[in-house]
Every structure is written in C-alpha cells, then in structure tokens.
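2 protein chains.
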Amino acid sequence: MENDALKKLVNSITEIVINQIEEMKITSSKAIPIGVSNRHIHLSRADIDQLFGTGYELTKLRDLKQPGQYACNEVLIVKGIKGEIHRVRILGPERNQTQVELSQGDCIRLKVQGQVRESGNLKGSAPIELIGPKGAVKLEEGAIIALRHIHMSLEDAERLGVSDKDLVSVKVTSGRGGQFDNVLIRAGKGYELEMHLDTDEANAMMLKCNDSVEII
Amino acid sequence: MENDALKKLVNSITEIVINQIEEMKITSSKAIPIGVSNRHIHLSRADIDQLFGTGYELTKLRDLKQPGQYACNEVLIVKGIKGEIHRVRILGPERNQTQVELSQGDCIRLKVQGQVRESGNLKGSAPIELIGPKGAVKLEEGAIIALRHIHMSLEDAERLGVSDKDLVSVKVTSGRGGQFDNVLIRAGKGYELEMHLDTDEANAMMLKCNDSVEII
Chain X
1 MENDALKKLV NSITEIVINQ IEEMKITSSK AIPIGVSNRH IHLSRADIDQ LFGTGYELTK
61 LRDLKQPGQY ACNEVLIVKG IKGEIHRVRI LGPERNQTQV ELSQGDCIRL KVQGQVRESG
121 NLKGSAPIEL IGPKGAVKLE EGAIIALRHI HMSLEDAERL GVSDKDLVSV KVTSGRGGQF
181 DNVLIRAGKG YELEMHLDTD EANAMMLKCN DSVEII
Chain V
1001 MENDALKKLV NSITEIVINQ IEEMKITSSK AIPIGVSNRH IHLSRADIDQ LFGTGYELTK
1061 LRDLKQPGQY ACNEVLIVKG IKGEIHRVRI LGPERNQTQV ELSQGDCIRL KVQGQVRESG
1121 NLKGSAPIEL IGPKGAVKLE EGAIIALRHI HMSLEDAERL GVSDKDLVSV KVTSGRGGQF
1181 DNVLIRAGKG YELEMHLDTD EANAMMLKCN DSVEII
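In order, the protein sequences belong to chains X and V. Just so you know, we're using the numbering used here here: the first sequence kicks off at 1 and counts up by one. Just so you know, we're using the numbering used here here: the second sequence kicks off at 1001 and counts up by one.
You can take every hint at face value.
For lysine-lysine, the following DSSO-like pairs were computed, each having C-alpha atoms within a straight-line distance of at most 30 Å:
1. 1165/V <-> 171/X
2. 171/X <-> 1030/V
3. 208/X <-> 171/X
4. 1060/V <-> 111/X
5. 208/X <-> 1123/V
Restraint-style ranges between C-beta atoms, simulated for each label pair:
6. 1214/V <-> 155/X: 35 to 45 Å
7. 1124/V <-> 109/X: 27 to 37 Å
8. 1049/V <-> 94/X: 52 to 62 Å
9. 1069/V <-> 54/X: 56 to 66 Å
10. 1030/V <-> 20/X: 49 to 59 Å
11. 1082/V <-> 54/X: 33 to 43 Å
12. 1030/V <-> 192/X: 38 to 48 Å
Since the hints were derived computationally from the structure, they do not count as laboratory data. From the three backbone atoms N, C-alpha and C, an ideal C-beta is built for every residue, glycine too.
Just chain X, same shape as in the assembly (with noise of 0.2 Å):
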C-alpha cells in the first residue's frame, strides 16, 4: 500500500469517528435551546381582509424555527386600555382565530388584564384592540400571556423522557440563574427543539435565542 492511499484510509476513518461521537453527543445532551417570543400577532383571514383590505396576503420577512411559521414584513398598532404599542409584528401562517400574545410588563403598560393561557386557549381571555393601515379590529379576546412551553419531536419526547402535555420543570444554569415551573411540554410532528420564553422570561433570567437550559 502507498503512502497517500494510508493517509486517505486513516483520514476517512478519523472523519468518520468523529462525526459518529459528534452524533452522540446531540443526542446523549438534554440541552435544550432557547427561542424568545417577542409581543407578536397571529391573524385570522377575516381580521387580515378588515386591517389590511379584501384578499390581502401577508408576506415573509423571515422562516421562524418551528416548521412553517414564519414572521411578516406587516406589523400593527395594539391598543390596550390606556396606550399603545406600535410595530407589533404578525407571525404568518393566518391562523383560525386572532390571537395577541404580549409580555406581563406589555400588559401592565397597556393596562390589559393578560392571564397565563397555552396557545389557542382564547375562551374569556382579555379583549384588545389592533390598527392596521386599512382599518382597525376590536377583540372581545384574543389577548394572551403565553405559557412557558418546550417544543419538540415526537422523538426527542422519548429521549427525553417527556409527553405532550407533560408541565415540567427547567434548570438555567447560564446568565442569572433559575428555574422556571410549569413549562408546557408540546411534542409532536413537525415541532424543532425549542423552549418559547416571552422577553419578562429570557430577561430575567438574562438568556437569550439559542441558550440552552436543561429538563430537570
């Protein structure tokens, strides 16, 4: 055998072990990585037709990480009740009912009364009011404070020892230090790894998109 030709052979069997123990790590780690949900809109096709205009189509800024979510070019005004905040973003695709998701230090600002809701749990949740360029829209509910939540495949719930639905609780061992509790497990098709934090959460604890914290 030639020098080069055993050059090659270690090489391709060096590249190999490592990217077989690069392969373990991933899946031997329980990190799990952070997203951070600023205040932002999901629009239903009625809501978008009455503040944008008849058949209007909202369009993509950018991919979120969850498969097929996606934020908009198009932001809103939302008033509370006293003030307002301008430039709130919509998160595409239109869902079947409107729904607001702000901070506690926004609805303390807008003088809302926003309760802890799992996402789609709209029934008596606080009204709220959105303008946009071509009208405005006025929720009887709609307005949530998002429950803290894990994200994730129906493969990684295994691994991780989880089920849908599970409330569990989570280590931060970066930034300031904590826990947080009832952290809303959603496993599923389609979901990528990712706890949601509103910015109360990821600041309070200083953490930012792409920390990690761990299940404990």
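Based on the hints, put chain V in the right spot on chain X.
Chain V alone, transformed into the frame defined by chain X:
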C-alpha cells in the same frame, strides 16, 4: 367571683394566647415579602446641582419600606445609545455616586450594555445620560441591572439561617412558579425584610409587591 368579671378574665386570657400564637406564626414563617423595583435613579449632590440647579433639594413623594429611603417627586429622562425613557423616578436620599438601575428590558430598549451588579459596585458599569429640567449629565459609568437581593435585619438573618453576603436560592410557588438563584443576602442594622426584584423578574414569575417567596 361575679359572672362579668369571669367573662372579662377569660377574654383577657384568650387575647393573650391569640397574640402569642400570632407572634409565633410570624417568627416561624420563612416567607420573604417581595418589593418590585421599577427603573430608578440615585443621585449624587453634584449631579443634583447639574440637573436641577445648584443647591436644589429633592422633595419626598413617599417613604419606601427600607427605613430612610424614599421616592421623590422628581423624575428625569434617561438616555441610552439609542432612545430615551421619560419620567424615571429619583429615589432619595443623595448618594456618593449617581446610580441608574434599569431592567434588562430597559437596556435592550436603550441599547445599553447592562451588567448585573450589586448596588454601589459601579466601576466599569455602563455609560448613561440623564436629562433634567436645568441641565444634563453624561455619566461614564453608573447604569446597572441590580443583582437580586434580600434586605433583612441581623435578627431575621439568624432566624433564617443566612449571613450577610451569602448567595441563596429562592422558591416561587405563586404566580408562574420557579426559582431565583444567586440571590444576595444584605443583612444589617436598619434593614426591613424584603426581597428586591426588578420588573423583568417580577413579571417573569407574575409576582407583585407583598407577594412572598421562600429561601431554600
């Protein structure tokens, strides 16, 4: 013994017993009441002169829980690298060095590189600008994010089994639930038992003033 005198005696004894039980409940409780600190400013004499005019005396709006500390009627504009926050309250009395306490949310809004610091530890902290009715002050350092801390008397420290400068963890069972780590104990004469959190931290756990937490 007359009936009335007997009744009176029984009432007196009952009252004494109830009071004793109440006192035992308080001293055996491990509850720490919460004080939420909104963004605020402590000013040096020189900076009061510069912002309000030479010799100006700050006026009291209301006393705070910590003896001798008070909120002033006076407010200032805080200006960062980008953007301003108006009506930021001054707390009295005067200090040796001006200190601006912001939340991480405020720092992001102002583009200030806020570091988590113990009160008074300002060396190398973030620069900030203050604008008052008679002038402005550009500080080379002085803006911090206050380190979570618990004020307490030496008697409370003994009762709770902690010492001045300890770092402890605190459990939050109300609100959204969780835990704060790296909480500084500030035990000394003239302190009232109170855990100080900033607005990000309070909102992340949905805590209000006078809610309580426990050292673990």
